[in-house]
Amino acid sequence: MYNKLTSVLAASAAWVLLAGSAGAQGMDSDAAMQPAMNDLEIAHSAYSAGSIDIRYAHLALGISDDRSVREFAELMIRDHAAVNEAAGALVEKLQVTPQDNELSRQLNAGAADKRRELAGLAGAAFDCGYAQNELQYHQLVNATVEERFIPSATVPELKALLSQALATFKAHEQHAAKMVTELDCG
Amino acid sequence: MTRIRPMRPARLLVLAGLLVAPAAGAAAEPTVHTVRIHQFTFAPAELAVRTGDAVIWVNGDLAPHTATGSDPQWDTGPLEQGQSQRLAFPDAGTFAYRCLYHPQMRGTIAVRGPRADRRPSSPLSAAAAP
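Same order as they appear, the protein sequences are chains V and F. Those letters in the first sequence? Residues 1 to 186, by the working numbering. Those letters in the second sequence? Residues 187 to 316, by the working numbering.
Isolated chain V (complex conformation) (with noise of 0.2 Å):
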């Protein structure tokens, strides 16, 4: 008992440093620490991860006057929406429900707050903090689905679409990357 709750204490500091990433750097990603995760779980977590990042883009369009930050920002609704659209499709064939879970909570709690902090900027404050933002929660989630989600999916179908997603998201990082260099964040 005493293991499990480290276990899941631990994977949802991990989680919340990947919700909002703000000290991310100093994460241990080690998917050894984190606790294992069913097929329903798994697919709430990486349903709630794009539904994030589709926020997080939603609330740079709103702010952002920047045509990288801007275009980038359509980029992660677009794509981030359809990947979620193939995992509703898949969840509706398999006539099954997501499981809400302790990972999928300390996301979105740390996604809250980063789009706090966020809204509180303007200008190339935002944009920077968008863009490098980005580049960070791609990392960390792209790590998080090759490491822990694919390995431990036991669905074909599922594993076959977080693999497909992987490659999206991280032609994501990619272009993140590109945009922080770009904007000179320094």
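Worth flagging that the hints you see were computed from the coordinates, not collected in a lab. Hints should not be assumed to be uniformly reliable.
Claimed, not checked - Distance ranges between label pairs, derived from CB positions:
(1) E92/V <-> T294/F: 38 to 48 Å
(2) A112/V <-> V218/F: 43 to 53 Å
(3) E102/V <-> S256/F: 42 to 52 Å
(4) A229/F <-> A143/V: 23 to 33 Å
(5) T220/F <-> A112/V: 37 to 47 Å
(6) G246/F <-> A112/V: 28 to 38 Å
(7) P289/F <-> A109/V: 30 to 40 Å
(8) G246/F <-> E102/V: 26 to 36 Å
(9) R292/F <-> T181/V: 16 to 26 Å
(10) Q259/F <-> V96/V: 44 to 54 Å
Note that this is a predicted model, so its numbers are computed, not measured. From the three backbone atoms N, C-alpha and C, an ideal C-beta is built for every residue, glycine too.
Following the hints, position chain F against chain V.
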């Protein structure tokens, strides 16, 4: 004993026409090439075709993509997963293209001619074909 009569020249011409006509018709048919979009790449990224040929882009990714020529006259438009679009290339040239949404995705269609049996009205129209 069966006797074989020599064929008259007029009949030979007709027969030759029958033999040649289908071959000429076949040459007019465009070849259709396929570019698969997979994991944010066009495969093949570089494709050589002949004038009048067509290219079909098929999106296998979850994310929507486009194949959009540097010349904005041609564009597949958004392709959702599983969707495809066929474009014809009536004129010779080398045409670079990219995905509008993911600019790192790039490709080239090298069109060698001549074989413009059927020329759409617009040059480089890569016009959407059914």
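Now the hints, each set against the structure:
no.: 1; hint: E92/V <-> T294/F: 38 to 48 Å; result: 40 Å, holds
no.: 2; hint: A112/V <-> V218/F: 43 to 53 Å; result: 51 Å, holds
no.: 3; hint: E102/V <-> S256/F: 42 to 52 Å; result: 49 Å, holds
no.: 4; hint: A229/F <-> A143/V: 23 to 33 Å; result: 27 Å, holds
no.: 5; hint: T220/F <-> A112/V: 37 to 47 Å; result: 45 Å, holds
no.: 6; hint: G246/F <-> A112/V: 28 to 38 Å; result: 35 Å, holds
no.: 7; hint: P289/F <-> A109/V: 30 to 40 Å; result: 35 Å, holds
no.: 8; hint: G246/F <-> E102/V: 26 to 36 Å; result: 35 Å, holds
no.: 9; hint: R292/F <-> T181/V: 16 to 26 Å; result: 19 Å, holds
no.: 10; hint: Q259/F <-> V96/V: 44 to 54 Å; result: 47 Å, holds
Checked against the numbered hints listed earlier, the structure breaks none of them; every hint is satisfied.
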